[in-house]
Amino acid sequence: MGYEKFNKLKSTSVPLPIENIDTDQIIPARFLKATERIGFGDNLFRDWRYNPDNSPKKEFVLNNDTYNGKILVGGKNFGSGSSREHAAWAIYDYGFRCVISSFFADIFRGNCLNIGVLPVQVSPEFLDKIFNSVFENPKTELIVNLKNQNVSIPSLCISESFNINKYKKENMLNGYDDIDYLMNIKDSIIEFAKNTPL
Amino acid sequence: MSNTLFDKVWDSHIVSKINNGPDVLFIDRHMVHEVTSPVAFLGLKNRNIKVLFPEKTFATADHNTPTINQHLPVKDPLSANQLKALEKNANLHDISYWGLGHEKNGIVHVVGPEYGITQPGATIVCGDSHTSTHGAFGAIAFGIGTSEVEMVLSTQCIMQPKPKKMRITVDGKLSKGVTSKDVALFIISKLSTSGATGYFVEYAGEVFTEMSIEGRMTVCNLSIEMGARGGMIAPDKKTFDYIKNREFTPKGKDWDKAMVYWSNLNTDENAVFDKELIFDGNSIQPMITYGTNPGMGISISKGIPKAENQDTGINTYKKSLDYMNYSEGESMIGKKIDFVFLGSCTNGRIEDFREFAKIVKGRKKASNVTAWLVPGSHKVEKAIKNEGILKILKQAGFKLREPGCSACLAMNDDKVPAGKYAVSTSNRNFEGRQGPGSRTLLASPLVAAAAAITGEITDPRNYIK
Ligand code: SF4
Numbered sequence: 689m690g691y692e693k694f695n696k697l698k699s700t701s702v703p704l705p706i707e708n709i710d711t712d713q714i715i716p717a718r719f720l721k722a723t724e725r726i727g728f729g730d731n732l733f734r735d736w737r738y739n740p741d742n743s744p745k746k747e748f749v750l751n752n753d754t755y756n757g758k759i760l761v762g763g764k765n766f767g768s769g770s771s772r773e774h775a776a777w778a779i780y781d782y783g784f785r786c787v788i789s790s791f792f793a794d795i796f797r798g799n800c801l802n803i804g805v806l807p808v809q810v811s812p813e814f815l816d817k818i819f820n821s822v823f824e825n826p827k828t829e830l831i832v833n834l835k836n837q838n839v840s841i842p843s844l845c846i847s848e849s850f851n852i853n854k855y856k857k858e859n860m861l862n863g864y865d866d867i868d869y870l871m872n873i874k875d876s877i878i879e880f881a882k883n884t885p886l
Numbered sequence: 010m011s012n013t014l015f016d017k018v019w020d021s022h023i024v025s026k027i028n029n030g031p032d033v034l035f036i037d038r039h040m041v042h043e044v045t046s047p048v049a050f051l052g053l054k055n056r057n058i059k060v061l062f063p064e065k066t067f068a069t070a071d072h073n074t075p076t077i078n079q080h081l082p083v084k085d086p087l088s089a090n091q092l093k094a095l096e097k098n099a100n101l102h103d104i105s106y107w108g109l110g111h112e113k114n115g116i117v118h119v120v121g122p123e124y125g126i127t128q129p130g131a132t133i134v135c136g137d138s139h140t141s142t143h144g145a146f147g148a149i150a151f152g153i154g155t156s157e158v159e160m161v162l163s164t165q166c167i168m169q170p171k172p173k174k175m176r177i178t179v180d181g182k183l184s185k186g187v188t189s190k191d192v193a194l195f196i197i198s199k200l201s202t203s204g205a206t207g208y209f210v211e212y213a214g215e216v217f218t219e220m221s222i223e224g225r226m227t228v229c230n231l232s233i234e235m236g237a238r239g240g241m242i243a244p245d246k247k248t249f250d251y252i253k254n255r256e257f258t259p260k261g262k263d264w265d266k267a268m269v270y271w272s273n274l275n276t277d278e279n280a281v282f283d284k285e286l287i288f289d290g291n292s293i294q295p296m297i298t299y300g301t302n303p304g305m306g307i308s309i310s311k312g313i314p315k316a317e318n319q320d321t322g323i324n325t326y327k328k329s330l331d332y333m334n335y336s337e338g339e340s341m342i343g344k345k346i347d348f349v350f351l352g353s354c355t356n357g358r359i360e361d362f363r364e365f366a367k368i369v370k371g372r373k374k375a376s377n378v379t380a381w382l383v384p385g386s387h388k389v390e391k392a393i394k395n396e397g398i399l400k401i402l403k404q405a406g407f408k409l410r411e412p413g414c415s416a417c418l419a420m421n422d423d424k425v426p427a428g429k430y431a432v433s434t435s436n437r438n439f440e441g442r443q444g445p446g447s448r449t450l451l452a453s454p455l456v457a458a459a460a461a462i463t464g465e466i467t468d469p470r471n472y473i474k
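Heads up: the sequence lines are chains Y and V, in that order. For the first sequence, the working numbering begins at 689 and goes up steadily by one. For the second sequence, the working numbering begins at 10 and goes up steadily by one.
Don't read these hints as lab results, they were simulated from the structure. Some hints could be false.
What the hints assert, rightly or not - Some chain V residues judged to face chain Y by a derived CB distance under 10 Å, without partners named:
(1) MET10
(2) SER11
(3) ASN12
(4) VAL33
(5) PRO47
(6) PRO75
(7) SER163
(8) THR325
(9) ARG437
(10) TYR472
Claimed, not checked - DSS-like cross-link-like pairs, simulated, lysine-lysine; straight-line CA separation at most 27 Å:
(11) V:LYS327 <-> Y:LYS854
(12) Y:LYS882 <-> V:LYS262
(13) V:LYS328 <-> Y:LYS817
(14) Y:LYS746 <-> V:LYS113
(15) Y:LYS746 <-> V:LYS327
(16) V:LYS262 <-> Y:LYS745
(17) V:LYS253 <-> Y:LYS721
(18) V:LYS93 <-> Y:LYS882
(19) Y:LYS721 <-> V:LYS97
(20) V:LYS93 <-> V:LYS424
(21) V:LYS171 <-> Y:LYS835
(22) V:LYS345 <-> V:LYS429
(23) Y:LYS874 <-> V:LYS26
(24) V:LYS266 <-> Y:LYS854
(25) V:LYS328 <-> Y:LYS745
(26) V:LYS260 <-> Y:LYS721
(27) V:LYS253 <-> Y:LYS882
(28) V:LYS284 <-> Y:LYS745
(29) V:LYS171 <-> Y:LYS857
(30) Y:LYS835 <-> V:LYS54
(31) Y:LYS874 <-> V:LYS54
(32) Y:LYS693 <-> V:LYS328
(33) V:LYS84 <-> Y:LYS882
(34) V:LYS113 <-> Y:LYS721
(35) Y:LYS721 <-> V:LYS327
(36) V:LYS253 <-> Y:LYS874
(37) Y:LYS693 <-> V:LYS424
(38) V:LYS113 <-> Y:LYS817
(39) V:LYS246 <-> Y:LYS874
(40) V:LYS266 <-> Y:LYS693
By construction, the Cβ of each residue, glycine as well, lies at the ideal position given by its N, Cα and C atoms.
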């Protein structure tokens, strides 16, 4: 499934300063029963966002109009737990295009890159600066520049660079996915398979 | 050149390398289940392509399946729909399919090893993070997302950068009442849930060489809970004895040929790891978790740690204890519990039921406890009956359910109600993992058994000779 190309994103953000946000919180298992990739955004952070009677929990940040934007900012070790790509789908489907944290779980990071959500890992100090400035002024804009690999807070005149491997970066800049690549080398894969021991 | 076990398997599966990018890695075995595959199959349909190597792909239904009355139609229409989709997709692509009611049905990571799909030196993936289980056989096995499931279905490859390598050595002897689950929970409590992120782990040392194959599966299964991509243990005689003559393992000359490859699967003496950790097995005690991630575990006789000693933020820690309705410093022993869950791909194998039975034999289930005993597969279920374990369980007031993931992630009806406490042999104690508002305490089958007969957290060592 294709995704929007990612180049430069200028947006306000939604802060979630909690550590170890796991995939069961991002999208609880009972919402994984679909056979198509639609509507996952409605259940993003379901149990933090809604009471058991489906009324919104006022104190949760997604129910607070003050904070919005295409960037989600989370605490350390974001996305730990399950391999469910549904977590990344829910984030994309809700409208986020980028998640910023000081540390990401492996599988989650890979899933994000595969579906067009950019995971941006910053230093703990820079993450704190983002949280502080957004809490001080929810209108604070962030600029995530994939091409130059940096993220900045223009109002504070500070920025930090981030890592991404060159191949994934090209993919995201162009909206390509890995299957396009693999399909192109299918013959050599079939050749390789002939000589595997198992 | 000296190589690690991980290097040997990974490097021999590289189809091509991309400069400054991922490796194209060939996958020997692909396990598929109903939850993470439908969108991947849909992708194949949209691209108008078929599964490239259907004989390397195996499908089983487990996450959504009910654990009672499996002979009846599945009640939940969404679950039924997902199960039907898997069956349809498997048929369409000529993939072997072990659906509900099939004699080989069970949890994907339990049936893979049971039928010899899991083999040393193989690369194995599945759209489920606990695929790391299969590393117990010296395979490179890890969980993947749905986009990658689609890649493997269509090209039998995925594209990932090679992870870093970590070795965790545990020497010494485990004392009475200490199981493989305790070893794993102990290591995770030391590393935290992110301590091994970016690494692939090899477990080494006396504790693992002495450990049964089932025990090794429990340890490798839990690798993901410290953030690792996977964990593996070098295959030895125990491994080869275990897999020999299983349905999908090579036979005759093919076996001999495979043995040539397999017997070289160990870490060379001078091989270098990016990180090495060493623990003393003698010091490990029965463990239990008190919080909302698997890293929040302690020796069962210890008190809940103080917030100021935590390196996760104090707020995150307090939020977690609030959720559990526990306080800093409290003792875990004696805390009331409501549910006991024995099962999952972590502890749903026959050895786990033997351990559980050891403690409940001749005793009675506590009246305040609801117990769900869920075998990992039909094969396990059969062994429970054949070995006389079912009789012991029944006499103690327990019932056996039918195989599936069950309360491990509560996608079916096996949900722990809000606010209730469950001692679970599964792998995750996240908020709401076992049902909205549920509170999970992860532990070994022995701790689960002791809790089941007393109705509270109990040191299992008081109940074994
Ligand atoms: S038992 Fe739990 S962890 Fe294992 S495959 Fe099923 S849901 Fe995943």
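Results for each hint:
{"no.": "1", "hint": "MET10", "in the structure": "20 Å, violated"}
{"no.": "2", "hint": "SER11", "in the structure": "21 Å, violated"}
{"no.": "3", "hint": "ASN12", "in the structure": "16 Å, violated"}
{"no.": "4", "hint": "VAL33", "in the structure": "7 Å, holds"}
{"no.": "5", "hint": "PRO47", "in the structure": "4 Å, holds"}
{"no.": "6", "hint": "PRO75", "in the structure": "14 Å, violated"}
{"no.": "7", "hint": "SER163", "in the structure": "6 Å, holds"}
{"no.": "8", "hint": "THR325", "in the structure": "4 Å, holds"}
{"no.": "9", "hint": "ARG437", "in the structure": "7 Å, holds"}
{"no.": "10", "hint": "TYR472", "in the structure": "32 Å, violated"}
{"no.": "11", "hint": "V:LYS327 <-> Y:LYS854", "in the structure": "40 Å, violated"}
{"no.": "12", "hint": "Y:LYS882 <-> V:LYS262", "in the structure": "18 Å, holds"}
{"no.": "13", "hint": "V:LYS328 <-> Y:LYS817", "in the structure": "23 Å, holds"}
{"no.": "14", "hint": "Y:LYS746 <-> V:LYS113", "in the structure": "48 Å, violated"}
{"no.": "15", "hint": "Y:LYS746 <-> V:LYS327", "in the structure": "20 Å, holds"}
{"no.": "16", "hint": "V:LYS262 <-> Y:LYS745", "in the structure": "64 Å, violated"}
{"no.": "17", "hint": "V:LYS253 <-> Y:LYS721", "in the structure": "37 Å, violated"}
{"no.": "18", "hint": "V:LYS93 <-> Y:LYS882", "in the structure": "33 Å, violated"}
{"no.": "19", "hint": "Y:LYS721 <-> V:LYS97", "in the structure": "16 Å, holds"}
{"no.": "20", "hint": "V:LYS93 <-> V:LYS424", "in the structure": "23 Å, holds"}
{"no.": "21", "hint": "V:LYS171 <-> Y:LYS835", "in the structure": "24 Å, holds"}
{"no.": "22", "hint": "V:LYS345 <-> V:LYS429", "in the structure": "10 Å, holds"}
{"no.": "23", "hint": "Y:LYS874 <-> V:LYS26", "in the structure": "15 Å, holds"}
{"no.": "24", "hint": "V:LYS266 <-> Y:LYS854", "in the structure": "40 Å, violated"}
{"no.": "25", "hint": "V:LYS328 <-> Y:LYS745", "in the structure": "16 Å, holds"}
{"no.": "26", "hint": "V:LYS260 <-> Y:LYS721", "in the structure": "39 Å, violated"}
{"no.": "27", "hint": "V:LYS253 <-> Y:LYS882", "in the structure": "24 Å, holds"}
{"no.": "28", "hint": "V:LYS284 <-> Y:LYS745", "in the structure": "43 Å, violated"}
{"no.": "29", "hint": "V:LYS171 <-> Y:LYS857", "in the structure": "17 Å, holds"}
{"no.": "30", "hint": "Y:LYS835 <-> V:LYS54", "in the structure": "33 Å, violated"}
{"no.": "31", "hint": "Y:LYS874 <-> V:LYS54", "in the structure": "18 Å, holds"}
{"no.": "32", "hint": "Y:LYS693 <-> V:LYS328", "in the structure": "37 Å, violated"}
{"no.": "33", "hint": "V:LYS84 <-> Y:LYS882", "in the structure": "45 Å, violated"}
{"no.": "34", "hint": "V:LYS113 <-> Y:LYS721", "in the structure": "23 Å, holds"}
{"no.": "35", "hint": "Y:LYS721 <-> V:LYS327", "in the structure": "32 Å, violated"}
{"no.": "36", "hint": "V:LYS253 <-> Y:LYS874", "in the structure": "33 Å, violated"}
{"no.": "37", "hint": "Y:LYS693 <-> V:LYS424", "in the structure": "40 Å, violated"}
{"no.": "38", "hint": "V:LYS113 <-> Y:LYS817", "in the structure": "54 Å, violated"}
{"no.": "39", "hint": "V:LYS246 <-> Y:LYS874", "in the structure": "37 Å, violated"}
{"no.": "40", "hint": "V:LYS266 <-> Y:LYS693", "in the structure": "48 Å, violated"}
The structure fails hints 1, 2, 3, 6, 10, 11, 14, 16, 17, 18, 24, 26, 28, 30, 32, 33, 35, 36, 37, 38, 39 and 40 (numbered hints given earlier, in ascending order).
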